[in-house]
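Asker: Chain order of the listed sequences is A and B. Heads up: the first sequence begins at 1 in the working numbering, then just goes up one per residue. Heads up: the second sequence begins at 352 in the working numbering, then just goes up one per residue.
Simulated from the structure, these hints should not be mistaken for lab results. Computed from a prediction, not measured in an experiment: that's the story for all the values here. Don't take every hint at face value.
[Stated by the list, open to error] Sample of chain A residues at the chain B side, in silico, Cβ under 10 angstroms:
1) L41
2) T53
3) R55
4) L57
5) D196
[Stated by the list, open to error] Distance windows between CB atoms, simulated:
6) A:I333 with B:K489: 33 to 41 angstroms
7) B:G590 with A:A240: 50 to 58 angstroms
8) A:A237 with B:Q372: 55 to 63 angstroms
9) B:K592 with A:F66: 24 to 32 angstroms
10) A:G145 with B:D531: 35 to 43 angstroms
11) B:A498 with A:A142: 24 to 32 angstroms
12) A:E43 with B:E595: 29 to 37 angstroms
13) B:A498 with A:L150: 27 to 35 angstroms
14) A:N46 with B:L376: 25 to 33 angstroms
From the three backbone atoms N, C-alpha and C, an ideal C-beta is built for every residue, glycine too.
Chain by chain, the residues:
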Amino acid sequence: MNLRIQEPRAPKAPDAAAPAGGLVPVAVPSPPPASAIRTFLRERGNSRVADATFRWLMLLCALSIFAIVALIANELVVNSKLTLAKFGMKFFVGSAWDPVNENFGALPFIYGTLVSSIVSLVLAVPLAVGVAVFLTEMCPQALRGILSFLTELLAAIPSVVYGLWAIFVLVPLLRVYVDPVLIKLLGWTGLFMQPDFGIGMFAAGVILAIMILPIISSLTREVMTAVPHTQREAVLALGATRWEMIRMGVLRNARIGIVGSIILGLGRALGETMAVAMVIGSSPTISRSLLAPAATMASVIANEFAEASDDTYRSALIEIGLALFLVTIVVNILARLLVWAVTRGAPARAA
Amino acid sequence: MGVSIEVNHLNAWYGANHTLQDITLHIPANEATALIGPSGCGKSTFVRCLNRMHETNPIAKVTGEVKVGGQDIYSETSAVEVRRRIGMVFQRPNPFPTMSIYDNVASGLRLNGFRNRRVLDEVVERSLKSSALWDEVKDELKKKSGASLSGGQQQRLCIARALAVDPEVLLMDEPASALDPVSTAKIEDLIFQLKVQYTIVIVTHNMQQAARVAERTGFFLNGRLVEFDSTHKIFTNPGDKRTEDYITGRFG
Numbered sequence: 001m002n003l004r005i006q007e008p009r010a011p012k013a014p015d016a017a018a019p020a021g022g023l024v025p026v027a028v029p030s031p032p033p034a035s036a037i038r039t040f041l042r043e044r045g046n047s048r049v050a051d052a053t054f055r056w057l058m059l060l061c062a063l064s065i066f067a068i069v070a071l072i073a074n075e076l077v078v079n080s081k082l083t084l085a086k087f088g089m090k091f092f093v094g095s096a097w098d099p100v101n102e103n104f105g106a107l108p109f110i111y112g113t114l115v116s117s118i119v120s121l122v123l124a125v126p127l128a129v130g131v132a133v134f135l136t137e138m139c140p141q142a143l144r145g146i147l148s149f150l151t152e153l154l155a156a157i158p159s160v161v162y163g164l165w166a167i168f169v170l171v172p173l174l175r176v177y178v179d180p181v182l183i184k185l186l187g188w189t190g191l192f193m194q195p196d197f198g199i200g201m202f203a204a205g206v207i208l209a210i211m212i213l214p215i216i217s218s219l220t221r222e223v224m225t226a227v228p229h230t231q232r233e234a235v236l237a238l239g240a241t242r243w244e245m246i247r248m249g250v251l252r253n254a255r256i257g258i259v260g261s262i263i264l265g266l267g268r269a270l271g272e273t274m275a276v277a278m279v280i281g282s283s284p285t286i287s288r289s290l291l292a293p294a295a296t297m298a299s300v301i302a303n304e305f306a307e308a309s310d311d312t313y314r315s316a317l318i319e320i321g322l323a324l325f326l327v328t329i330v331v332n333i334l335a336r337l338l339v340w341a342v343t344r345g346a347p348a349r350a351a
Numbered sequence: 352m353g354v355s356i357e358v359n360h361l362n363a364w365y366g367a368n369h370t371l372q373d374i375t376l377h378i379p380a381n382e383a384t385a386l387i388g389p390s391g392c393g394k395s396t397f398v399r400c401l402n403r404m405h406e407t408n409p410i411a412k413v414t415g416e417v418k419v420g421g422q423d424i425y426s427e428t429s430a431v432e433v434r435r436r437i438g439m440v441f442q443r444p445n446p447f448p449t450m451s452i453y454d455n456v457a458s459g460l461r462l463n464g465f466r467n468r469r470v471l472d473e474v475v476e477r478s479l480k481s482s483a484l485w486d487e488v489k490d491e492l493k494k495k496s497g498a499s500l501s502g503g504q505q506q507r508l509c510i511a512r513a514l515a516v517d518p519e520v521l522l523m524d525e526p527a528s529a530l531d532p533v534s535t536a537k538i539e540d541l542i543f544q545l546k547v548q549y550t551i552v553i554v555t556h557n558m559q560q561a562a563r564v565a566e567r568t569g570f571f572l573n574g575r576l577v578e579f580d581s582t583h584k585i586f587t588n589p590g591d592k593r594t595e596d597y598i599t600g601r602f603g
């Protein structure tokens, strides 16, 4: 066997590298002796300090998240201790909101936040996934760039502009064309009933849907693109139609990522303030009809903080902020539990 | 020149799974040593213990002593330094897809702060020649991505990348198992060339490959080193019944 080695070579001599395949060695400038590189690397030491420093630095970054959350929670609790002491748990389940008589309950706002977010998800998720499917699976190359650019442009519009547009365009549109149809078709559910002013929970849900659409569709597109092409081929080779291929070969593999993008969208919907405050009608009431005016936690803070003249009123609004903080945490935990329950026992995601 | 590796009472775990049990062997310098055995016998884990890659898995644990060139890599140095001295080639070619061929080869030196352009050029050329890839890529060194090469070329690129830092030991974990016969033959030729300068440890499923390239062969079974001897003896007159059963194809 050893016959194949022509001669013992000086380490790193250029033509020592002459490969076996009969390749002619090319004359190259004489490289440094082998030990040069090894010496260079040896002089770098063991890099223990660098490794440890990096580790601590990253830990510090991670800890800053805890610090920020703790500071916000602390601030909210400290500044709302007046109403926390006065109403206790009743604050979160009471539905009265009477600043004049200093009687405060947050339930209508908690309800408004949750319902407007649910409405927005119901409208935005199918649309966003549809946009993503079109962009990744069937869009002509020329259109793809424009369409994804426009989708991302939607995310860049400030929410006050959305609010203005909603007041002048969306709300009249809904009132004249959409709501009457909904009342006629779905009136029996009690979700769409007169009186209809245009502004209200439904209008807020629609504007929220438009605002969270870009987040959900661009993240969904990312995870769908990451699904290996071989998965698509595997399904197509079984004789699947385009939709079956997308369902089984793409959406199924990307589902955890898609749910993640929905959770991010939900996070934005829960906290969105300005556009909602402009179209929801600011009424601290709980009505079954989505066409009735309502209020969310964020919208009531935005609309009333400036006029909160006395300490109790201000404390109540800050406690609304605390409630929003808690609701967001609870909703995120529930969403994570849902993901965990759905994917338990499933193989790790492909994307 | 390569250095020898001494392994004493090496044990390794994945979680509760005791994947390597009391391995002791001596790998001589400037030779190719092949490790054979059925899937899951611990041979990959073993080479991953030689450059402390095993411990990058959070549930992994290692005990024992591994001396490379006389230095205990677990107690006398850091994992980072060990890996600068010991090159590794993986089962699937893993070139950096966002880097050109040149940058792939230069990556090891660059990340250590090596900036001398002239020397880098030389090292890249020499490494690519050592891995028998130079003639195929020399015209598109900085234009083509490492991932645009064929599978066999990618693996030779990965070998060049490992050689560029002038390692003392080259670990190869089934380097040809994802390649076609022509590429495999090229890699085997390479191992033949390279062992003059480096100590090579190669894991392989292919017993002919072990017989072709290695001076010594170790047979692993169920996390234990059953037999370690000259390749000639292992394949013609094995000392253990289990080795004989394996190489004659009676199991595994």
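Asker: For each hint, tell me whether it holds in the structure or not.
Answerer: Now the hints, each set against the structure:
1. The interface hint given for A:L41 is met, as the beta carbon of that residue sits about 5 angstroms from the closest beta carbon of chain B, less than 10 angstroms.
2. With a least beta-carbon distance of about 13 angstroms to chain B, the hint placing A:T53 at the interface is violated under the 10 angstroms criterion.
3. Nearest Cβ of chain B to the Cβ of A:R55: about 12 angstroms, over the 10 angstroms cut. The hint is violated.
4. Evaluation of the A:L57 hint against chain B yields a violated restraint, the C-beta minimum of about 16 angstroms exceeding 10 angstroms.
5. The interface hint given for A:D196 is broken, as the beta carbon of that residue sits about 55 angstroms from the closest beta carbon of chain B, more than 10 angstroms.
6. Between A:I333 and B:K489 the C-beta distance comes to about 58 angstroms, which lies outside the given range of 33 to 41 angstroms.
7. In this structure, B:G590 and A:A240 meet the distance hint of 50 to 58 angstroms, their C-beta atoms being roughly 56 angstroms apart.
8. Our hint of 55 to 63 angstroms for A:A237 and B:Q372 is violated, since their Cβ atoms are close to 44 angstroms apart.
9. For the hinted restraint 24 to 32 angstroms between B:K592 and A:F66, the CB-CB distance of approximately 60 angstroms leaves it violated.
10. A hinted range of 35 to 43 angstroms for the beta carbons of A:G145 and B:D531 is consistent with their spacing of about 38 angstroms.
11. With their beta carbons about 27 angstroms apart, B:A498 and A:A142 fall inside the hinted range of 24 to 32 angstroms.
12. The hinted window of 29 to 37 angstroms between A:E43 and B:E595 is violated, with their beta carbons roughly 49 angstroms apart.
13. Taking 27 to 35 angstroms as the suggested C-beta distance range, the pair B:A498 and A:L150 conforms, at roughly 31 angstroms.
14. Between A:N46 and B:L376, the C-beta spacing of about 26 angstroms keeps the proposed range 25 to 33 angstroms intact.
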